[in-house]
Amino acid sequence: MLLMRRFDEAALSLVQSGRIRGTVHPYIGQEGCAAGVGAVFEPGDLMVSNHRGHGHCIAAGVEVDRMMAELFGRAGGSCHGMGGSMHIADFERGMLGANGIVGAGVPHAVGAALSLALDGHDRVVIAFFGDGATGQGVVFESMNLAALWSLPVLFVCETNGIASASALTEVLAVETVAEIAAAHGIASERVEGADVVEVRASAQRAADAIRSGGAPRLIECVVDRWGPHASRLAAMPDHRSAEDLAAARRRDPIARLREALIADGTLASPACDELDREAREAVEGAIAFAEMSPYPELAKTSGRGPW
Amino acid sequence: MVSEPTAKTMSYAAALETVVAEEMRQDPSVCMLGTMVPPALAAEFGPRARVTPISEPAVTGLAVGLAQTGKRPVVYWRNITFAFNAFDQVINHAAKLRSMSGDQVRVPAVFRAPCGGGHGLAAQHSQSPYSIYAHIAGLKVVVPSSPADAAGLLRAAIRHDDPVVCFEPVRLADAAGPVPQGHLVPLGEAEVKREGSDVTLVAVGSMVPLALEAAEELSGDVSIEVVDPRTVSPLDVTTIRASVRRTGRIVVADEAPAMCSVAAEVVALVTEDSETFSALRAAPARVCALHLPVPFSEPLEEEVLPGRDEVVGAIRALVR
Ligand SMILES: Cc1ncc(C[n+]2csc(CCOP(=O)(O)OP(=O)(O)O)c2C)c(N)n1
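These protein sequence lines are chains A and B, in that order. Each residue of the first sequence is one higher than the last, beginning at 1 in the working numbering. Each residue of the second sequence is one higher than the last, beginning at 1 in the working numbering.
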């Protein structure tokens, strides 16, 4: 969670100061979800992400050096600079790709799960998507197919209650995404995303059930996004009052875990600070790595076809 | 096409179906998805040949996920019409994942798209929009015109490591012809279907048999070379230019409307090459559909879509 937080704080300031181009969608505030779900991600499992994907990538084990180099558009990036923030993929880590089209990665996860099922593996494919993706028909179609064919997909909806310029209550006719899963016969749990321990437990139950017999599951992680929707759109109205935002910050998954660990004696406060320092150093190292990395050459990539 | 001893005569539709079965048999990673799966395939291949709900965006997206994880899915869209629903998955995902991922992954998916008019199915079901797909970098597009090419190109498409859209003009479905065993037609290679010296007639898909008939009809007066690109992206510009340099004239016949079409691209590729351009003895001509939604009414459908007579007329006008 600390690495996710420090990575996205850095990414946001890098793009805002013009050191990197394009846009990033910061995951700040939502880390409990990727960290909790990522904790049950095993070698051989696969993951599909969305536009807010840095935390998911870190949870899958993608190296921050290669992620940062990707944000810098450098050859050392996990996609050799061809994809950038919204398309980070690392097939060696089972990370099939972040995605710039809302909802579109969900059928890829179901296809990957069909692939695993055809080969008889007891692997799980995790499909991260936001509550806003419930407006996309392809997400419903994908749930139907996964349920119909009992495919090993763990759907993870990160319900932050807001989709770029709209509040979920403005755009969804039902109250919870879990209801949508229920309509497709998919068992689900709704968890507080700020409680990483609970997210992890829920993900473990779901993954165990999937590994031992197939049928897909859904976890609806109720999370808070504190940062802007995207670095480019920092001034976008976000429907939340100052009080709501302050309350969201008080539900910080990192502070909550830190307090719990100190309270039960697992970690002392200096040890927590030390972990944070390591995360910051890793991100600084990643920026240095990225800046040292050369720009890619088009001739060496499929960017030059021939098609 | 010379019929080889091992060739079997079969219809265009049967050739396509046979190739899917043969490829599924020899490569366990080949699988098929579609709202209509031939019962024989389903019986033989079980879970690898799946009947799907009418969910084109999801099924097309599933193919992307399958392809990313080592499978070779063949999606049978049933009609190009239904694939418009799934544009996002083809254009934003299948076509781009290889490049965006920095070559970490290939997407060896095949999308089979029956297309074109001739059956009175009216505007929504009578379309030949291969140029829309050819416009997209990252996709390859084939339009076979005979049972042998259908078998050979589809086999090559299934074995190819990047996504291929296979357009199958419905007018050709019952056309019968020899199909050599294991026939393979490399992607990107045009074929000279008939040699000639006065006019190069480039014909696409369903226009190829009509072009051959037109060439026969005019054979006393005009010597026509019929060139079938077979793959419209990438186009085999070398074969087309070489033919035009020999004949000095070009007519392009395509069932799609001329606007932003493959026919337009062929003319551009011919005229922008100075050597080929200077060999031209007449302005290039296109025989295409009218720029209209295809009407239901039979005489109107015939009027909108090009036929043999229009090809003959265009060639007569050119050599006058
Ligand atoms: C198909 C599509 N429509 C619109 C957009 C623009 N867009 C990007 S992110 C976003 C909001 C998505 O909300 P949600 O899925 O809930 O994720 P969140 O941003 O809240 O994490 C929108 C509308 C897009 N990328 N894709």
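Hints are not guaranteed to be accurate.
Claimed, not checked - A few chain A residues that face chain B, going by a derived Cβ cut-off under 10 angstroms, partial list only:
| id | residue |
| --- | --- |
| 1 | 13 |
| 2 | 16 |
| 3 | 17 |
| 4 | 18 |
| 5 | 86 |
| 6 | 110 |
| 7 | 115 |
| 8 | 119 |
| 9 | 148 |
| 10 | 275 |
| 11 | 292 |
| 12 | 299 |
| 13 | 302 |
Unchecked claim - Over the 10 angstroms line for every Cβ pair with chain B, so calculated as not near, a few chain A residues:
| id | residue |
| --- | --- |
| 14 | 112 |
| 15 | 208 |
| 16 | 213 |
| 17 | 244 |
What the hints assert, rightly or not - Computed list of chain B residues with no C-beta within reach of chain A, every gap over 10 angstroms:
| id | residue |
| --- | --- |
| 18 | 70 |
| 19 | 88 |
| 20 | 98 |
FYI, nobody ran anything at the bench for these hints, they're computed from the structure. No residue lacks a Cβ here, since even glycine has one placed at the ideal position from N, Cα and C.
Hint check:
1. With 10 angstroms as the threshold, the beta carbon of residue 13 of chain A stays out of range of chain B, its nearest partner Cβ sitting at about 25 angstroms, so the hint is violated.
2. With a cut of 10 angstroms, the hint placing residue 16 of chain A at the interface with chain B is violated, because the nearest CB-to-CB distance is about 24 angstroms.
3. Evaluation of the residue 17 of chain A hint against chain B yields a violated restraint, the C-beta minimum of about 26 angstroms exceeding 10 angstroms.
4. Using the Cβ-Cβ criterion of 10 angstroms, the hint placing residue 18 of chain A at the interface with chain B is not satisfied: the shortest such distance is roughly 23 angstroms.
5. Annotation: residue 86 of chain A was flagged as interfacial toward chain B, and the flag holds, the nearest CB pair being 9 angstroms apart, inside 10 angstroms.
6. With a least beta-carbon distance of about 5 angstroms to chain B, the hint placing residue 110 of chain A at the interface is held under the 10 angstroms criterion.
7. Annotation: interface hint on residue 115 of chain A holds; nearest CB of chain B at approximately 4 angstroms, less than 10 angstroms.
8. At a threshold of 10 angstroms, the smallest CB-CB gap from residue 119 of chain A to chain B is about 8 angstroms, leaving the interface hint in force.
9. Interface hint status for residue 148 of chain A: upheld, as the beta-carbon distance to the closest one in chain B is roughly 7 angstroms, under 10 angstroms.
10. A hinted interface residue such as residue 275 of chain A counts as satisfied when its beta carbon comes closer than 10 angstroms to some beta carbon of chain B; here the least separation is about 31 angstroms, so the hint is violated.
11. The beta carbon of residue 292 of chain A is not positioned within 10 angstroms of any beta carbon in chain B (closest approach about 18 angstroms), and the interface hint is therefore violated.
12. Because the closest C-beta pair between residue 299 of chain A and chain B is about 12 angstroms apart, greater than 10 angstroms, the hint is violated.
13. The interface hint given for residue 302 of chain A is met, as the beta carbon of that residue sits about 5 angstroms from the closest beta carbon of chain B, less than 10 angstroms.
14. The Cβ of residue 112 of chain A sits about 4 angstroms from the closest Cβ of chain B, inside the 10 angstroms cut-off, so the non-interface label is violated.
15. Interface exclusion of residue 208 of chain A from chain B stands, the closest Cβ pair being 22 angstroms apart, more than 10 angstroms.
16. Consistency note on residue 213 of chain A: stated as away from chain B, and its beta-carbon is indeed over 10 angstroms from all of that chain's, at 16 angstroms minimum.
17. For residue 244 of chain A, the requirement that its beta carbon stay farther than 10 angstroms from each beta carbon of chain B is met, with the minimum near 34 angstroms.
18. Not every CB of chain A is more than 10 angstroms from the CB of residue 70 of chain B (nearest about 6 angstroms), against its label as outside the interface.
19. Distance check for residue 88 of chain B against chain A: the nearest CB is about 6 angstroms away, which does not clear 10 angstroms, and the non-interface claim fails.
20. Not every Cβ of chain A is farther than 10 angstroms from the Cβ of residue 98 of chain B; the closest lies at roughly 5 angstroms, contradicting the non-interface assignment.
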